Amino acid sequence: MIALLKRDLALALRAGGGFGLGLAFFLIVVVLVPFGVGPEADILSRIAPGILWVGALLAALLSLDRIFALDFEDGSLALLATSPLPLEAAGMVKAAAHWITTGLPLTLAAPLFGFLLHMQSTAYPYLLISLLIGTPALSMIGTFGAALTVGLRRGGLLLSLLVLPLYVPTLLFGAEAVRRGAAGLDATSALVLQAGITAGCFAILPFATAAVLRINLR
Amino acid sequence: MSWTRPVLPWSFALAGAFLVTGLVWGFFFTPDDFRQGSTVKIIYLHVPSALMAINAWIMMLVASLVWVVRRHHVSALAARAAAPVGVVMTLIALFTGGIWGQPMWGTYWAWDPRLTSFLILFLFYLGYIALWEAIEDSDTAADLTAVLCIVGSIFAILSRYAVHFWNQGLHQGSSLSLDAEQNVADVFYYPLLVCIAGFILLFIALVLMRTRTEIRARRIKALQARGRHA
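If you read the sequences in order, they're chains U and B.
Going by this note's numbering, the first residue of the first sequence is number 1, and it counts up by one from there.
Going by this note's numbering, the first residue of the second sequence is number 1, and it counts up by one from there.
Treat the hints as calculated values from the structure; they're not laboratory data.
Keep in mind it's a predicted model, so treat the numbers as computed, not measured.
For each residue, glycine too, the CB sits at the ideal point set by N, CA and C.
Any given hint might turn out to be false.
Derived DEER-like restraints, expressed as beta-carbon distance ranges [claimed, not checked]:
| id | chain 1 | residue 1 | chain 2 | residue 2 | range |
| --- | --- | --- | --- | --- | --- |
| 1 | U | Leu9 | B | Ala222 | 45 to 55 Å |
| 2 | B | Thr39 | U | Leu70 | 25 to 35 Å |
| 3 | U | Leu157 | B | His229 | 51 to 61 Å |
| 4 | B | Tyr161 | U | Leu157 | 51 to 61 Å |
Quick look at which bits of chain U chain B covers, simulated, 3 or more residues with Cβ under 8 Å [claimed, not checked]:
| id | region |
| --- | --- |
| 5 | 60-71 |
| 6 | 145-153 |
| 7 | 172-186 |
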C-alpha cells in the first residue's frame with residue numbers, strides 16, 4: 001500500500017503540475033470572483049466562505065480524471081487488480097494520493113485566499129478544519145467517479161456531471177461551518193456532520209470503487 | 001414481453017381515464033380554496049408528479065438491485081426506461097411548483113430545502129442518463145449505472161437532509177402522509193387521489209412501453225450481430 005502511495009505521489013510530482021495546477025486554478029477562481037461581483041469588501045467577506053469552498057471543490061475536480069486514466073491505459077490497473085492487495089485498498093490509496101496532491105495544498109492555501117477575500121477573522125480556524133475534514137471526502141467521491149468513467153474516451157465532462165451532485169452534502173456542511181464561524185456562532189454541529197459524511201464515504205465508497213473498477217476491467 | 005402486450009393498452013386507457021376524471025373533477029368541480037383561490041388546483045399536477053419523481057428513482061433503485069443480485073436483463077432495461085420518465089416528472093413538479101409559488105410566495109423559485117432537493121434529484125437523473133448513453137457495451141453500462149444508482153441514492157438521501165440543515169423553507173410540510181388523521185380537506189383529497197392513481201398508471205404504462213422498446217432494440221442488435229457473424 002505504501003509503495004503504491006509513493007509511486008502515485010512520485011508520478012503526480014514528476015508529471016508536472018501535480019501540486020501546482022489545482023492551486024493555480026483555485027487562485028484564479030478566487031481572483032475572478034471580485035471581478036464578477038465587484039470589489040466591495042463587505043460583499044466579498046460575506047461570500048468568501050462559499051467562494052473558497054466552491055473553488056476548492058472545482059480545483060479538486062480538475063485532476064480527478066487522471067487518477068485512473070494513465071494506469072488504465074498502460075495496463076498497470078489490471079496488474080493492480082490481480083495483485084495480492086485488494087482493489088478496495090488500492091482505491092483508497094489512490095484517493096489518499098489525490099488528497100495529498102490536491103486537498104492538502106488547497107487546505108493550507110485557503111486561509112491565504114480568504115485573506116484576499118476579506119474573510120472575517122473568526123472564520124479562519126473553521127475554514128482550515130472544515131477543509132481538512134471535507135477534502136478527503138471530495139477525493140474519495142472523486143475516485144469513485146473516476147473509476148466509473150475510466151473506460152470512456154471522453155469521460156471528463158461526464159465525470160463532473162456524475163461527481164458534482166455527490167459533492168452536495170460535503171460542500172453544504174463545509175461552507176455552513178465556515179459561515180457560522182464568520183458570524184461568530186458555534187459551528188461544531190456542522191463540522192461533526194461533515195466528519196460523519198467523510199467517514200461514511202470512506203466506509204462505503206472503496207467497495208463501490210473496487211466493484212466499478214472490476215466491471216471496467218472485465 | 002408476453003404478458004405486457006395485452007396489459008399495455010389497458011394501462012394506457014386506465015391512466016387516461018383516471019387522469020381525465022381526476023383533473024376534470026379537480027379543476028371544475030371542487031370549490032376554490034378560501035385563501036389560495038383557484039391557484040390551489042395546480043395541486044392536482046404538482047403533488048402526483050412530485051410523488052412519481054421520487055418513486056421513479058426508487059423503482060430504478062430496486063431494478064438496479066435486482067440486476068446486481070439476479071442479473072435479470074429486463075430489470076436493467078426497466079431501470080434505463082424509467083429514468084427519462086422520472087426526469088420529466090421532476091421537471092413537471094419543479095415547473096408547476098414555480099407557477100404555484102409565484103402567487104403564493106411571491107417568487108417562482110426559492111432555495112427552500114424541498115425545492116433544492118428536487119433540483120439535486122434532477123441532477124442525479126441527468127448523470128444517470130448520461131452514463132447510460134456514454135457506454136457502448138450494454139452489460140457494462142447496466143452494471144455501472146446500477147452501482148451509480150445505488151451510491152447516488154445514498155447521497156440523494158444525505159443531500160435531502162443536509163439541505164434542511166442549510167436553510168429553513170417556505171414549502172409546507174408533506175401534503176400526504178400515511179399516519180396523519182386528515183391530510184388535505186376531503187373535497188380536494190378525493191380528486192387528488194384519483195390524479196395520483198392516474199399518474200402511477202401513466203408511469204407504469206410509459207415504463208412498460210419503453211422497456212418493450214429497449215428489449216426490441218436489444219434483439220435487433222443481437223440479430224444484426226448474428227447476421228454479421230454468419
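Evaluation of the provided hints:
no.: 1; hint: U:Leu9 / B:Ala222: 45 to 55 Å; in the structure: holds, 47 Å
no.: 2; hint: B:Thr39 / U:Leu70: 25 to 35 Å; in the structure: violated, 57 Å
no.: 3; hint: U:Leu157 / B:His229: 51 to 61 Å; in the structure: violated, 35 Å
no.: 4; hint: B:Tyr161 / U:Leu157: 51 to 61 Å; in the structure: violated, 29 Å
no.: 5; hint: 60-71; in the structure: violated (count 0)
no.: 6; hint: 145-153; in the structure: holds (count 4)
no.: 7; hint: 172-186; in the structure: holds (count 3)
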